[in-house]
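J.: Sequence:
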Amino acid sequence: MKVIYSLAWLSLLPAAMPAQNHDVFQGNHPNIVCIFMDDHAFQTISAYGHPISKVAPTPNINRLAERGMLFTESFVENSISGPSRATLLTGLYSHQHGQTRLGCCLDDNKTFFTELLQKEGYKTSVFGKWHLNAEPKGFDYYHILFDQGEYYNPGFRTPNTDGQFVKEKGYATKLITDHAIDWLDTIIPTHQPFCILVNHKAPHRNWMPDLPNLNLFNDINFPEPSTLFDDYESRGPQMQMQELTIAKHMGYAFDFKVEELKDEPTLQYIKDSWPLAMKDLTKEERKIWDEAYRKQNEDFLKNRPVGKDLVRWKYQRYVKDYCRTIRSVDEQVGRLLDYLESQHLLDNTIIVYTSDQGFLMGEHGLYDKRFMYEESFRTPLIISYPPMIKAGSKCSKFVQNIDLAPTFLSVAGVKPPKEMPGMSLMPLFENGTCQEWRDNLYYQFYDYPAVGTVRKHYGLRTDRYKLIHWYGKGENGDPDIDFWELFDLKNDPTEVHNVYGKKEYEKVQQTLHELLKKKRIEVGAIE
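For the sequence shown, my numbering assigns the number 613 to the initial residue and increments by one for each residue that follows.
Note that these hints are calculated values from the structure, not bench results.
Careful: at least some of the hints might be erroneous.
Once the Cα atoms are required to be at most 27 angstroms apart in a straight line, the calculated BS3-like pairs of lysine-lysine come out as [said to hold, decoys possible]:
(1) Lys-891 / Lys-920
(2) Lys-1068 / Lys-1131
(3) Lys-1102 / Lys-1129
(4) Lys-1006 / Lys-666
(5) Lys-1131 / Lys-1114
(6) Lys-666 / Lys-786
(7) Lys-1115 / Lys-1129
(8) Lys-1009 / Lys-1130
(9) Lys-731 / Lys-749
(10) Lys-1068 / Lys-1006
(11) Lys-1030 / Lys-731
(12) Lys-891 / Lys-874
Derived CB-CB ranges, DEER-like [claimed, not checked]:
(13) His-803 / Pro-887: 42 to 52 angstroms
(14) Pro-824 / Tyr-951: 16 to 26 angstroms
(15) Pro-1091 / Ser-846: 44 to 54 angstroms
(16) Gln-1047 / Gln-852: 43 to 53 angstroms
(17) Asn-915 / Leu-823: 39 to 49 angstroms
Every value quoted in this text rests on a predicted model; they were computed, and no experiment measured them.
For every residue, glycine included, the Cβ atom is placed at its ideal position computed from N, Cα and C.
Assemble the whole structure, with the sequences as input and the hints as a guide.
T.: What follows is the structure in structure tokens.
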């Protein structure tokens, strides 16, 4: 159910508060900062309390949760980068804005929320990852990476580089923060409200940490997920076709940083990706890198494990490099927060921390995203805004990435366009609840055939159940598929027992089918 909220909410904005400090209250509109990550798993943010994050804490991201609201049931509508980025900008489902798959094809006639903010007098900018086929619009300035971007010494383009990407020396996470702060230095003295998107490349595959963090967690064993050795017994043919297992799909050099085994069998594109990932390191940087991983790899190469022990080793290397990469993210989030505090802006700025999707950290033996399974479907969301959000609060209502654009607009005093299907989160800010709110979510994944061979699927999630339909014609020798999964999340929170077709779930199944059919009509599903 879509909530209809009163514009009386707008009276709660800081314009109604006494402007005792001009640096704090810069006029009628709050500032907007959106820190938008790439593939950041909620499991690795310690505010969520997952065992991984207890080993590798994120104190600066936690600062946002401590002074704001932690959303515990935040999800995406399509768990893959390009479509999710387009949804952030447009507030639309993938099939509505056109970017259903990687690389294609955002309808650039769709309105970006930043265009509407510009009309309200906001100065707008985006830094870091763009990764869309459309040009940036609705931004007074941009400083964006080429394609996925490189971790070391990446290339950026701006409105002043004639479409060329110019190499910059440094580590991507720090450089993106540098440029964001430099731009803020020019905007803050004007006392104009601003909206800035800080789009980090991290922690996208292949998880290359900053040099000072290469040896973090060397002597620590991370807890394994209970489903690391999931055999997919009750799942359908899609789990036999997909390639995103830690055990079989990752490359020794590209993913695990064991260059000595770069020629061992794996998919060719993974082999080819290793030299491309390393080509931008300087000689000095490469020396530090090689020394760190040479020491880490010595014992493994002397006595290579096999079977489940090998999978366990792969998992440990994967999660350590991932969390090493997150360490720089956390450091730079802290740096940005310190900067905003030094400028007396924290009390008149809504700060959003989220990701383009969740990520599998070994659950079901998998890495990556794409699946409607919980760790991929669910994404972190933390919002700090002291005028409306009580410090340390939580929200367990279903929210989705279609809600972010209408939230930014309504906080700025702009009525969201009626074509946006999402809901402003403002009614949840006071105490994390609202009398009328949605009780289910729709998801659809389209990117097949593609890397990972994850088949097309769509589905519905309620507070207790998840219904998924795997469908479509096979490509490249894959069979056609038409398979259903039903999970009882109360009795099976790790989603290992597909109960579709079980007699005891017959009524539940029928109800969910009817609800899913209505939902697909409601959202205008295209396939």
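J.: Run every hint past the structure and note whether it holds.
T.: Evaluation of the provided hints:
1. Lys-891 / Lys-920: Violated, because 33 angstroms separates the two Cα atoms, which is more than 27 angstroms.
2. Lys-1068 / Lys-1131: Holds. Lys-1068 to Lys-1131 sits at ~18 angstroms (cutoff 27 angstroms).
3. Lys-1102 / Lys-1129: This hinted pair holds, its Cα atoms lying about 23 angstroms apart.
4. Lys-1006 / Lys-666: At roughly 19 angstroms apart (the allowed maximum being 27 angstroms), Lys-666 and Lys-1006 satisfy the hint.
5. Lys-1131 / Lys-1114: Roughly 24 angstroms separates the two Cα atoms, so the pair holds.
6. Lys-666 / Lys-786: Within the cut-off at roughly 24 angstroms; holds.
7. Lys-1115 / Lys-1129: Judged against 27 angstroms, a Cα distance of about 21 angstroms means the pair holds.
8. Lys-1009 / Lys-1130: OK: Lys-1009 and Lys-1130 at ~21 angstroms, within 27 angstroms.
9. Lys-731 / Lys-749: holds (13 angstroms)
10. Lys-1068 / Lys-1006: violated (33 angstroms)
11. Lys-1030 / Lys-731: holds (18 angstroms)
12. Lys-891 / Lys-874: holds (15 angstroms)
13. His-803 / Pro-887: 42 to 52 angstroms: holds (49 angstroms)
14. Pro-824 / Tyr-951: 16 to 26 angstroms: Holds, since Pro-824 and Tyr-951 (Cβ atoms, about 21 angstroms apart) stay within the stated range.
15. Pro-1091 / Ser-846: 44 to 54 angstroms: violated (19 angstroms)
16. Gln-1047 / Gln-852: 43 to 53 angstroms: Distance hint for Gln-1047, Gln-852 holds at roughly 46 angstroms.
17. Asn-915 / Leu-823: 39 to 49 angstroms: violated (28 angstroms)
The structure does not agree with the numbered hints 1, 10, 15, 17 stated previously, though it agrees with the rest.
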